[in-house]
Amino acid sequence: MAGRVIVVTSGKGGVGKTTTAANLGAGLALLGRTVCLIDADIGLRNLDVVLGLENRIVYDLTDVVEGSCRLRQALIRDKRTENLFLLPAAQTKEKDAVAPDQMRKLTLELREEFEYILVDCPAGIERGFKNAIAGADEAIIVTTPEIAAVRDADRIIGLLEAAELYNPRLIINRIRPQMVRKGDMMGIDDIIDILAIELLGVVPDDEDIIVSTNRGEPVVLDRRSRAGQAYNNIVRRLEGIDVPFLSLEEESWISRFKRAIMGHS
Amino acid sequence: MIEFFKQFWQRDTDSSRQIAKERLRLVLVHDRVNVSPNLLEALKEDLLEVISKYMEIEETGFEVNLDKSENSVALIANIPVKRMKRAIDQGQ
Numbered sequence: 687m688a689g690r691v692i693v694v695t696s697g698k699g700g701v702g703k704t705t706t707a708a709n710l711g712a713g714l715a716l717l718g719r720t721v722c723l724i725d726a727d728i729g730l731r732n733l734d735v736v737l738g739l740e741n742r743i744v745y746d747l748t749d750v751v752e753g754s755c756r757l758r759q760a761l762i763r764d765k766r767t768e769n770l771f772l773l774p775a776a777q778t779k780e781k782d783a784v785a786p787d788q789m790r791k792l793t794l795e796l797r798e799e800f801e802y803i804l805v806d807c808p809a810g811i812e813r814g815f816k817n818a819i820a821g822a823d824e825a826i827i828v829t830t831p832e833i834a835a836v837r838d839a840d841r842i843i844g845l846l847e848a849a850e851l852y853n854p855r856l857i858i859n860r861i862r863p864q865m866v867r868k869g870d871m872m873g874i875d876d877i878i879d880i881l882a883i884e885l886l887g888v889v890p891d892d893e894d895i896i897v898s899t900n901r902g903e904p905v906v907l908d909r910r911s912r913a914g915q916a917y918n919n920i921v922r923r924l925e926g927i928d929v930p931f932l933s934l935e936e937e938s939w940i941s942r943f944k945r946a947i948m949g950h951s
Numbered sequence: 606m607i608e609f610f611k612q613f614w615q616r617d618t619d620s621s622r623q624i625a626k627e628r629l630r631l632v633l634v635h636d637r638v639n640v641s642p643n644l645l646e647a648l649k650e651d652l653l654e655v656i657s658k659y660m661e662i663e664e665t666g667f668e669v670n671l672d673k674s675e676n677s678v679a680l681i682a683n684i685p686v687k688r689m690k691r692a693i694d695q696g697q
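Heads up: the protein sequence lines correspond to chains V and Z, in order. Quick note on numbering: the first sequence equals residues 687 to 951 in my numbering. Quick note on numbering: the second sequence equals residues 606 to 697 in my numbering.
Calculated from the structure, these hints are not laboratory results. Just to be clear, a hint being listed does not mean it is correct.
Non-contacting residues of chain V with respect to chain Z, defined by C-beta distances greater than 12 Å in every case (computed) [stated by the list, open to error]: (1) G729; (2) D749; (3) T767; (4) R790; (5) L851; (6) R867; (7) P890; (8) G902.
Taking lysine to aspartate or glutamate and the DMTMM-like style, the derived pairs with C-alpha atoms no more than 20 Å apart in a straight line are [claimed, not checked]: (9) K626(Z) / D875(V); (10) K687(Z) / D875(V); (11) K649(Z) / E664(Z); (12) K626(Z) / E850(V); (13) K868(V) / D619(Z); (14) K868(V) / E627(Z); (15) K626(Z) / D636(Z); (16) K658(Z) / D694(Z); (17) K690(Z) / E654(Z); (18) K816(V) / D870(V).
The structure presented is a predicted model; accordingly, all values stated were derived computationally and were not measured. Ideal placement from N, C-alpha and C gives every residue a C-beta, glycine not left out.
Generate the whole structure from the sequences, applying the supplied hints.
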């Protein structure tokens with residue numbers, strides 16, 4: 687078996703990378719895939735908390751890379767979802783505790799056992815970023831509809847390309863359809879126009895995310911939440927299924943009216 | 606009547622969504638140029654090839670730059686011409 691290694695990255699911090707990684711991992715595992723989530727944010731680990739696995743950590747990524755333990759010993763099995771495992775980041779080590787070559791070797795080993803290996807990348811474009819992307823064959827970029835986040839996403843696209851990681855796909859997180867309709871937030875088309883990359887999914891700003899993170903349960907497990915549905919759609923797109931996008935940007939009657947009269951789009 | 610509709614239109618173009626989009630566009634023009642000086646070099650080579658069909662150029666004095674001001678970015682090219690051709694050179 688040769689699994690897919692996908693890095694989840696963003697440039698800017700706080701746009702929802704870790705939440706995205708956790709939900710994609712849990713969603714893929716729900717579909718019966720074997721998934722390993724790697725927290726590559728050394729020194730600032732968070733994926734364990736989002737998944738509710740913070741009390742189970744014995745060994746971490748750095749221990750594996752340094753040979754202090756076997757890979758199997760460091761992998762934590764998820765509480766709820768079968769087939770989902772976490773390789774946590776070290777909390778007390780430095781970012782340069784792992785080198786790109788070591789990451790490549792690690793992912794090579796994981797490919798043998800898992801169908802998906804998702805790497806949660808640290809914010810920034812320095813060493814941690816370079817380590818996280820080292821073993822990846824695909825990249826997912828997470829952004830929010832803000833100038834700063836989209837700008838950083840653009841920079842990341844360039845850096846991924848320089849590292850020969852082509853055709854990254856975009857997830858637009860925390861969109862608020864009503865604000866877009868009112869003309870107070872950039873919309874999906876605006877962002878895709880500017881970045882010129884493939885859209886993988888759109889996740890609405892949803893309070894359920896906060897609640898589920900408080901509980902340490904990925905929102906994708908909650909079928910009733912809108913964000914959970916959005917993640918579910920993204921997961922199925924990763925599986926190659928053609929899933930239509932949620933209609934988050936339904937045109938209001940007033941803008942349709944304006945367009946009809948003024949010919950302005 | 607038209608004034609009434611114009612008001613709507615005006616609000617649309619001045620919306621913070623449009624402002625954000627425009628600011629982002631401009632920021633990225635600057636960013637992308639700073640990131641890739643190779644791009645300008647490649648453009649220069651392509652320009653040279655096209656222009657050479659019509660005239661002979663002094664290659665050493667050939668300069669292509671982006672002129673950046675606060676609200677706009679312009680492509681400025683300085684292309685010294687050595688000689689004009691009589692007809693379009695169709696190349697090979």
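Structure-based check of all given hints:
With a minimum CB-CB distance of about 27 Å to chain Z, G729(V) clears the 12 Å threshold, and the non-interface call stands. Distance check on D749(V): its Cβ is at least 37 Å (rounded) from any Cβ of chain Z, clearing the 12 Å threshold; non-interface status holds. For T767(V), the requirement that its beta carbon stay farther than 12 Å from each beta carbon of chain Z is met, with the minimum near 38 Å. Here R790(V) stays apart from chain Z, with its beta-carbon at least about 25 Å from theirs, past the 12 Å limit.
With a least beta-carbon separation of about 16 Å from chain Z, L851(V) lies farther than 12 Å from that chain, consistent with its non-interface assignment. A Cβ of chain Z approaches the Cβ of R867(V) within 12 Å, the least distance being about 10 Å, so the stated non-interface status is violated. Residue-level check passed: P890(V) sits 17 Å from the nearest beta carbon of chain Z, beyond 12 Å. No beta-carbon of chain Z is positioned within 12 Å of the beta-carbon of G902(V); the least distance is around 34 Å.
Under the criterion of a C-alpha separation no larger than 20 Å, the hint pairing K626(Z) with D875(V) is consistent with the structure, at around 11 Å. Under the criterion of a C-alpha separation no larger than 20 Å, the hint pairing K687(Z) with D875(V) is inconsistent with the structure, at around 47 Å. The hinted pair formed by K649(Z) and E664(Z) meets the criterion: a straight-line CA distance of about 10 Å does not exceed 20 Å. Only pairs whose Cα atoms come within 20 Å are accepted, and K626(Z) paired with E850(V) is rejected, the gap being roughly 29 Å.
Between the alpha carbons of K868(V) and D619(Z) the distance comes to roughly 12 Å, so the proposed pair stays at or under 20 Å and holds. Between the alpha carbons of K868(V) and E627(Z) the distance comes to roughly 17 Å, so the proposed pair stays at or under 20 Å and holds. For the given pair, K626(Z) sits about 15 Å from D636(Z) by alpha-carbon distance, which is consistent with the 20 Å threshold. Our distance criterion of 20 Å between C-alpha atoms is met by K658(Z) and D694(Z), whose separation comes to about 5 Å.
For the proposed pair K690(Z) and E654(Z), the alpha carbon gap of about 14 Å is at most 20 Å, so the pair holds. Using a Cα cut-off of 20 Å, the hinted pair K816(V) and D870(V) is violated, with the two alpha carbons roughly 35 Å apart.
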